[in-house]
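Sequence lines, in order, name chains A and B. Just so you know, the numbering used here puts 377 at position 187 of the first sequence, and the rest follows in order with no gaps. Just so you know, the numbering used here puts 27 at position 26 of the second sequence, and the rest follows in order with no gaps.
A couple of the hints might just be wrong.
To be verified - Restraint ranges, calculated between C-beta atoms of paired labels, are given here:
(1) Phe278(A) <-> Asp283(B): 43 to 49 Å
(2) Ala346(B) <-> Lys325(A): 29 to 35 Å
(3) Gln439(A) <-> Asp354(B): 55 to 61 Å
(4) Ala361(B) <-> Arg486(A): 49 to 55 Å
(5) Val476(A) <-> Asp354(B): 41 to 47 Å
(6) Thr264(B) <-> Ala222(A): 56 to 62 Å
(7) Glu292(A) <-> Asp490(B): 28 to 34 Å
(8) Ala346(B) <-> Thr551(A): 55 to 61 Å
(9) Glu311(B) <-> Lys325(A): 40 to 46 Å
(10) His328(A) <-> Ser380(B): 29 to 35 Å
(11) Gln439(A) <-> Asp283(B): 37 to 43 Å
(12) Gly488(A) <-> Glu311(B): 40 to 46 Å
(13) Met397(B) <-> Ala222(A): 41 to 47 Å
Rather than coming from a laboratory, the hints here were simulated on the basis of the structure. Owing to the predicted nature of the structure, the values given are computational and were not obtained by experimental measurement. Think of the CB as a built atom: it goes at the ideal place given N, C-alpha and C, for glycine as much as any other residue.
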Amino acid sequence: MTAKLIHGYEVVIGFETHAQLATQSKIFSRAATAFGAEPNTQACAVDMALPGTLPVMNKKAVECAIKLGLALGSKIAPRSIFARKNYFYPDLPKGYQISQFEIPVVQGGEVSFFLGEEKKTVRLERAHLEEDAGKSLHEDFIGQSGIDLNRAGTPLLEIVTQPDMRSTEEAVAYARELHKVVTWIGICDGNMQEGSFRCDANVSVRKPGGPLGTRREIKNLNSFKNMQQAIDYEIRWQIEEIEDGRSIQQATVLFNPDTGETRAMRTKEDAADYRYFPDPDLPPLVVAQSWVDEVRAGMPELPRQRAARFVADYGLPEYDATTLTQSQDMASYFEAVAQACGQAKLASNWIMGEISRRLNTEEIGIADAKVGSAQLAQLIARISDGTISNNAARQVFEALWAGEADNVDAVIEAKGLKQMNDSGALEAIIDEVIAANPGNVEQYRAGKDKAFNALVGQVMKASKGKANPGQVNDLLKAKLA
Amino acid sequence: MTSHSTDLHDLSVTALAEQLRTRQVSAVETAQHFLDRAKAQHTLGAYVALNEEATLAQARAADAQLATGNAGTLTGVPIAHKDIFVTRDFPTTAGSKMLAGYRSPFDATVVTRLAEAGAVTLGKLNCDEFAMGSANENSAVAPIGFDAPAPVRNPWDLSRVPGGSSGGSAVAVAARLAPAVTGTDTGGSIRQPASFCGITGIKPTYGRASRYGMIAFASSLDQAGPMARSAEDCALLLSAMCGPDLDRDSTSLDRPVENFGATLNNDIAGLRIGVPAEFFGDGLSADVRAAVDAALQEYVKLGAKLVPIELPRTELSIPVYYILAPAEASSNLSRFDGVKFGHRAKGYTDLVDMYKKTRAEGFGDEVKRRIMIGAYVLSEGYYDAYYLQAQKIRRMIADDFQAAFQHCDVIAGPAAPTVAWQLGAKSDPLANYLADIYTLPASLAGLPGLSLPAGFGAGGMPVGLQLIGNYFREGHLLNAAHRFQQATDFHLRQPAGLAL
């Protein structure tokens with residue numbers, strides 16, 4: 191496998207993703223985590239770091255970390271350590287962030303996905319638990335800043351990859367796959383606009399075979415679209431810098447969606463010494479094997495397991511199986527259709543084709559699809575039992591999606607789309623077509639296949655599309671033989 | 002006033018609780034008596050906050066409880082808290098300008114537990130700023146009756162320090178301004194002032210008492226404990242203070258609370274008392290040595306056996322402690338930044354300037370010194386050589402104790418190398434640090450330690466005998482101390498000239 195080169199440069203990308211964990215309460219306090227409350231109404235004494243307060247671990251957050259580790263084939267550390275990352279900022283109430291530093295709870299693992307039809311695997315370095323900071327509000331106060339501590343102490347899982355990605359497309363595909371996994375296993379709501387799933391991309395470029403280039407970290411990519419634009423811009427920028435004879439300085443950069451550009455916010459020289467040390471308020475986090483087993487028993491079938499089952503049980507190509515396991519809803523929809531109609535590949539084609547197209551256009555999820563799994567199964571059944579042609583089926587689908595009717599057979603009836611399966615009537619039409627097109631008949635007999643197709647077309651036209659093309663072929667051949 | 006009130010302050014907690022239960026005296030008159038004493042003796046500098054209305058309300062509630070006949074072990078007994086515990090009814094300053102006027106919206110668990118046992122809170126007691134000090138000379142808070150910070154004075158000699166950091170606590174008990182109080186001990190802050198003021202104080206095993214609501218100095222070392230005149234009184238308070246608080250403090254141990262009073266009178270014949278040679282070296286002053294030796298001989302008379310033991314890393318406990326405690330403190334004190342509560346500088350140009358001015362104005366010299374030491378030992382390039390190395394030695398110190406406890410049940414020695422020194426005598430911070438040598442080892446190991454009055458030294462100043470037990474052996478320590486106090490009267494002596 192060779193990496194795609196851009197102007198002779200190889201791109202190297204690693205990701206750090208902050209997934210906000212879907213717990214009811216905060217990671218070290220009992221305050222609620224719900225988004226959008228009035229400022230500072232969801233911050234308790236612990237979140238505000240009032241004197242005398244102490245952190246107590248939320249077991250649900252640990253469970254989320256265990257789930258991710260199990261989903262991605264990672265090692266769950268039997269003993270991990272919480273450390274303090276010390277720095278001053280007004281929205282960091284304690285003056286330090288509790289995070290995992292030297293020994294994280296999730297170690298190793300990998301994320302696999304398809305880029306087009308090519309399977310890619312990105313290795314994980316680690317995933318660690320930490321608390322979020324609050325928010326500084328600079329806009330609402332003239333000459334002052336407001337601090338909202340509702341978000342302070344919200345549990346995060348920071349998921350860090352190896353620098354394994356070699357293109358923007360691969361990076362975005364990784365992020366989409368990770369997004370799929372965390373939402374699939376229910377540890378994160380995946381809402382990128384609300385900041386529940388925030389990605390930082392470490393980007394560098396190098397000549398193939400050379401040492402790793404100096405990286406710049408693009409912070410807080412909050413949509414897949416921004417991610418694509420930001421990384422593309424950053425790659426171009428770095429290559430131009432190097433081509434112009436300048437070296438890349440390690441830096442943290444922000445992407446501005448309005449200009450489409452990245453801009454350095456701080457360089458390595460500004461890097462703080464965080465004075466990490468083990469948090470003496472929190473004993474080591476001990477995860478017994480029995481706890482891991484318990485969590486595993488409650489895990490849903492994972493996307494890749496479900497995809498493998500789709501290949502084994504339904505005979506789907508791996509690509510189809512992977513595409514259909516983008517979400518639990520999508521996979522369940524497929525299984526319902528496939529089981530009801532017994533035509534798994536047709537079901538897959540319809541879902542990946544007509545259904546997905548419309549979902550994308552209308553920007554809705556499959557749970558809101560206007561053709562239900564039972565309807566689609568019925569539609570597919572009518573194709574395979576010869577009642578309607580593929581073309582007719584598309585018309586039925588249109589009608590169902592538009593809400594004109596909800597019964598497949600009723601639509602077929604109402605629109606008169608039933609195929610002509612009566613061979614007597616069809617033979618009469620064929621006889622007429624042969625009689626009316628002596629030229630084509632002669633050419634066919636002289637060995638020209640095109641002429642035959644023209645005859646088939648005439649028959650279909652005369653039957654107003656209701657003839658079964660296979661049947662037309664067979665009868666026409668028999669009559670011209 | 003009843004005829005009891007004149008000597009109410011001479012009663013032990015145990016006796017006072019009994020008089021309250023039998024309604025010989027009311028909780029309100031008891032509380033008022035001690036409030037009056039606290040105000041009359043304000044020049045000692047022990048109290049930094051009173052709230053008479055709140056105290057008397059609690060006392061009235063205690064009287065109502067007593068009237069039902071369902072009193073708790075401490076119902077109506079007035080106590081006072083070191084100003085390091087946060088309280089709803091009183092301001093909490095931790096001895097710092099940084100928290101001037103701060104009022105906590107919640108009570109510390111220790112405060113709540115004692116209140117649940119029926120104790121009535123008299124007020125808050127002076128201490129070194131954020132519990133950093135060995136003489137209570139680092140308080141930035143004005144005691145009651147003063148407009149500015151004033152020295153906390155040792156009732157045995159008003160020109161001397163009371164010890165620290167729980168200096169106000171020790172003075173309140175020694176001067177009979179409270180029958181019993183709370184203190185906290187990070188490197189000896191209960192045991193050393195208890196020794197200097199001739200009272201009894203115990204620091205339990207790390208994790209026994211909840212740290213929730215105790216303003217953190219060094220999280221891995223801080224422990225709350227009672228200070229009173231006798232081991233018997235300490236046992237009563239300790240039983241009420243301790244116990245799991247797993248929902249609020251992750252370092253709280255899941256170990257049921259014990260009734261430490263039940264084993265006080267156990268026979269100590271055959272008790273093996275380990276005597277570490279390192280506690281009797283060159284630094285120990287002759288008067289303290291003589292008093293401690295005599296106390297050990299008293300134990301022999303009571304049937305105990307003295308066993309020579311070794312604690313070879315005793316001297317190292319000073320550098321280890323003065324790396325680890327400041328390291329944790331530097332981080333624990335970051336929350337005092339002027340943003341959310343406490344002091345904020347008046348004029349500043351930007352955020353960083355606000356931080357700098359706020360912290361420069363709000364913290365005293367000793368606190369700043371420790372923050373700087375702590376930040377230094379945690380910084381990149383120095384962490385391994387200082388912090389990590391100190392952690393390794395800390396574990397060895399704990400191991401040394403376990404080796405010693407193979408040969409003895411209790412370890413005994415001086416609580417401090419000297420008796421209380423003159424106010425202002427130790428301006429060199431290092432001299433103060435060195436004086437902590439005998440209390441630091443048990444703190445670093447997380448072991449329980451107790452100091453009890455063992456006699457008198459130079460200038461007629463009290464000398465404390467320190468007893469160190471293995472983990473969860475507070476009962477042994479209190480038992481050994483109680484038996485000693487049954488045979489001696491050092492704990493009953495009182496400073497002259499302080500009667501109301």
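Comparing the hints with the structure gives:
no.: 1; hint: Phe278(A) <-> Asp283(B): 43 to 49 Å; verdict: 44 Å, holds
no.: 2; hint: Ala346(B) <-> Lys325(A): 29 to 35 Å; verdict: 24 Å, violated
no.: 3; hint: Gln439(A) <-> Asp354(B): 55 to 61 Å; verdict: 28 Å, violated
no.: 4; hint: Ala361(B) <-> Arg486(A): 49 to 55 Å; verdict: 54 Å, holds
no.: 5; hint: Val476(A) <-> Asp354(B): 41 to 47 Å; verdict: 44 Å, holds
no.: 6; hint: Thr264(B) <-> Ala222(A): 56 to 62 Å; verdict: 46 Å, violated
no.: 7; hint: Glu292(A) <-> Asp490(B): 28 to 34 Å; verdict: 55 Å, violated
no.: 8; hint: Ala346(B) <-> Thr551(A): 55 to 61 Å; verdict: 58 Å, holds
no.: 9; hint: Glu311(B) <-> Lys325(A): 40 to 46 Å; verdict: 56 Å, violated
no.: 10; hint: His328(A) <-> Ser380(B): 29 to 35 Å; verdict: 31 Å, holds
no.: 11; hint: Gln439(A) <-> Asp283(B): 37 to 43 Å; verdict: 58 Å, violated
no.: 12; hint: Gly488(A) <-> Glu311(B): 40 to 46 Å; verdict: 54 Å, violated
no.: 13; hint: Met397(B) <-> Ala222(A): 41 to 47 Å; verdict: 45 Å, holds
Against the hints set out earlier in the document, violations occur for numbers 2, 3, 6, 7, 9, 11 and 12.
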